[in-house]
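Respectively, the protein sequence lines represent chains X and R.
According to this note's numbering, the first sequence is numbered sequentially starting from 1.
According to this note's numbering, the second sequence is numbered sequentially starting from 1.
Worth flagging that the hints you see were computed from the coordinates, not collected in a lab.
Hints are supplied without guarantee of correctness; some may be wrong.
Said to hold, decoys possible - Below, simulated BS3-like cross-link-like pairs (lysine-lysine); rule was C-alpha separation at most 25 Å, straight line:
| hint | chain 1 | residue 1 | chain 2 | residue 2 |
| --- | --- | --- | --- | --- |
| 1 | R | Lys-279 | R | Lys-125 |
| 2 | R | Lys-279 | R | Lys-260 |
| 3 | R | Lys-279 | X | Lys-168 |
| 4 | X | Lys-245 | X | Lys-168 |
| 5 | X | Lys-302 | R | Lys-27 |
| 6 | X | Lys-212 | X | Lys-302 |
As the structure is a prediction and not an experimental result, all values here were calculated from the model.
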Amino acid sequence: MQAPKAPPKKRDWSWRSQAFRGLLYQLIAIVAVVSAVWWLASNSMENMRVRGIKSGFDFLSQPAGFDIGEELIGYDSNNAYWRAFLAGVVNTLRVAVIGIVLTTILGTLIGVGRFSRNGLVRGLCRAYVELFRNIPILLQLLMWYLMFTELLPEAAEPARWGNVFLSKGGLTYPIPVWAQGFAWAIWGVLAGIVASVFYRRWAKRIFEETGKGRSMVWVPLAIICAAGILGWALGGAPTAMHVPKQGELMVEGGGSLSPEFMSVLLGLTFYTAAFVAEVVRAGISSVARGQSEAASALGLTKSLEMRKILLPQALRVIIPPMTNQYLNLTKNSSLAVAIGYPDVVSISNTAINQTGRAVECIALIMAVYLTTSLSTSFFMNWYNNKSAIKER
Amino acid sequence: MSETLNYQFIESRPAPMRTEGFMPWIKSNLFGNWQSSVTTFIVGGLLLYYVPQFLSWAVFRATTVNDADACRVAGVGACWGVIKEKYRLIIFGRYPFDEQWRPLIATLLMIALVIASCTRALWSKWLVVLWVAGLALYFAIMHGGVMGMSVVPTDRWGGLPLTIMLATLSIIFAFPLAVVVALGRRSHLPAIRTFCTIYVELVRGVPLISVLFMASFMFPLFMPAGVTIDVLIRVLAGITLFAAAYMAEVIRGGLQAIPKGQVEASASLGLSYWQTQFKIVLPQALAMVVPGLMNNFISLFKDTSLVTIVSLYELTGSLGLALNSDANWRPYKFEGYLFITAIFFAFCFAMSRYSLWVEEQLSKSKLR
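Next comes chain X alone, as it looks inside the complex:
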């Protein structure tokens, strides 16, 4: 018996054919978008020609001629524009990375605090979230900046705790003098990390074979610390420190954090922590009630229940919105321009004012943020896949 043949595909190019209309709509959309882009591009070309604005990225190799308040890459005003941009990118990343770490810790604590048995802690955490997420981040940054620049003591007579000074000039603290011993210490820490990975594998195998649990956090941490200290001691145990001293007008020496950096960091951290706390709270309350009842039935304490039962399961719900919060923090760090922290936006702003190449500078800002956003979400997607439920 012959299998019935599929009816021949009809190519119906009439107006009533869905395929034809789909094609037509797409064609219209493409033509509209392309002609809009072409129109805008030709307009701006024409305008730039009329106004005598040069275009192109060649200005990046010219000397920038402006100073940057704080930078980590050894930039000075004779350097080219691209180095100025690089300094800005490094500053942005510095505040974003430290901010993400701090905000995760603070936000998780507050989010967990909303499930505390203590009514006072619950109330305070709730008040924190309501207060900090309902005030614009720009306003919070400006207020931190005002506090650091107006309400702190003058740089000539700073507040002092031991060798740490706090004044309008910023936070100054002792830092160790770089010596060979610290390179040894870094190698020690790296060796410790490798050793603790092996230790964890071994501990896991023992656990699966015998059911005897071993510490998976504290022992590896101790291994890493011990290896670091060992490396430091082998390298000659350098203890010399740059200690800041009270100078005539300001505190001199030591390491320091500028008021701008601290305002941006604290502003972003406190603001984003309120959102992270909400994400954590939503994640924890998404865990089925039976889980926490089962944990109490097994006699787990409240903190063990949180650490071993609720948080690991909540993590799967938490990660995607947490990624969004990290990206928001990174993007909000662009507001540093309002208080003069030299991040990539504020460097571009200066560059626009000096060279008039608005299109190129804004394109650079966008490229920087797009790269960070896409790579962060790429990494978080990878982590999300890793921690997703593995169904066997």
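Position chain R relative to chain X; hints supplied.
Relative to chain X, chain R alone:
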């Protein structure tokens, strides 16, 4: 088998502990176990130490005289006189002083329109007509040039009216755009899907400030020679395009949650694509994402403060404008910040409460 059975009364058990009321609540919530008690003492001690200090600064030692010298007296706390002295500049920005009744009325009109739109009893097609008429009246009052009112160019608009206007208008314009983009991202036509995806991902990957820079620095270059567009409109367009991308993602989440059977059922009933979307899919999807949309609206309201950076003096900017140039009052900027913080907080908090109320209404309909 004879056995005398001995009946004995067992002693009555004590009545169960009271679990409701004030004292039991205190006991279980503040002194449940020893850790909780220690926490209560530490946190309570800190609160008892700092809250009175703050209250003493903000209320008991504060002065409300609008005289900068009274604030300089040693031991005086907050100087609320600065608000009393400058509140018109802070709230209305650079709008001409004698004409400031106009933004007041216009903004009250806009708030009334918003509140009307939030009220369930008034949800009908007439709202659209009301909005068109209301916005026309709003711009007539703000801009002037009719009914004998002097013309006030848009660069003089500022303060709270500008904040409210930017937030309201960008929500109104961004929402339909977001619906279209969200539908486009789920379209089966590859070209349209690609355009919508690129737009959303591009906008969500960059900070708002770069979009605003684009609106204020680059946009003039895009227009043909001789055409200039008001900076307020450029910035409004920038915020709208920015907000629409975020809203589109929220709406797409709702669209994805609609079971495929709904679309298939409406196709079998012979509904067209647009009929399906508008009568079947969108009503269900939008109801699902109301909390997410409200979050978007709140962050949009807060984000309007960024226009300060491109020199439009909304509330944050007008505070700087009012105080930076006045050496007498400049030291009391912190009080000024607290004042506008309170305004922003009040608006955002009201919006989040409204969102909770809507959520409750919707979950009621689900319980049925």
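Quick rundown of the hints versus the structure:
Of the pairs offered as hints, the one joining R/Lys-279 and R/Lys-125 holds, with about 15 Å between alpha carbons and a cut-off of 25 Å not exceeded. Restraint check for R/Lys-279 and R/Lys-260: the C-alpha separation of about 15 Å stays at or below 25 Å, so the hint holds. Of the pairs offered as hints, the one joining R/Lys-279 and X/Lys-168 is violated, with about 61 Å between alpha carbons and a cut-off of 25 Å exceeded. For the suggested pair X/Lys-245 and X/Lys-168, the alpha carbons sit about 16 Å apart, so the restraint of at most 25 Å is met.
Distance hint between X/Lys-302 and R/Lys-27 is fulfilled; the C-alpha atoms sit about 18 Å from each other, no more than 25 Å. Among the hinted pairs, X/Lys-212 with X/Lys-302 is consistent with the structure: their alpha-carbon atoms are about 22 Å apart, no more than 25 Å.
Checked against the numbered hints above, the structure violates only hint 3.
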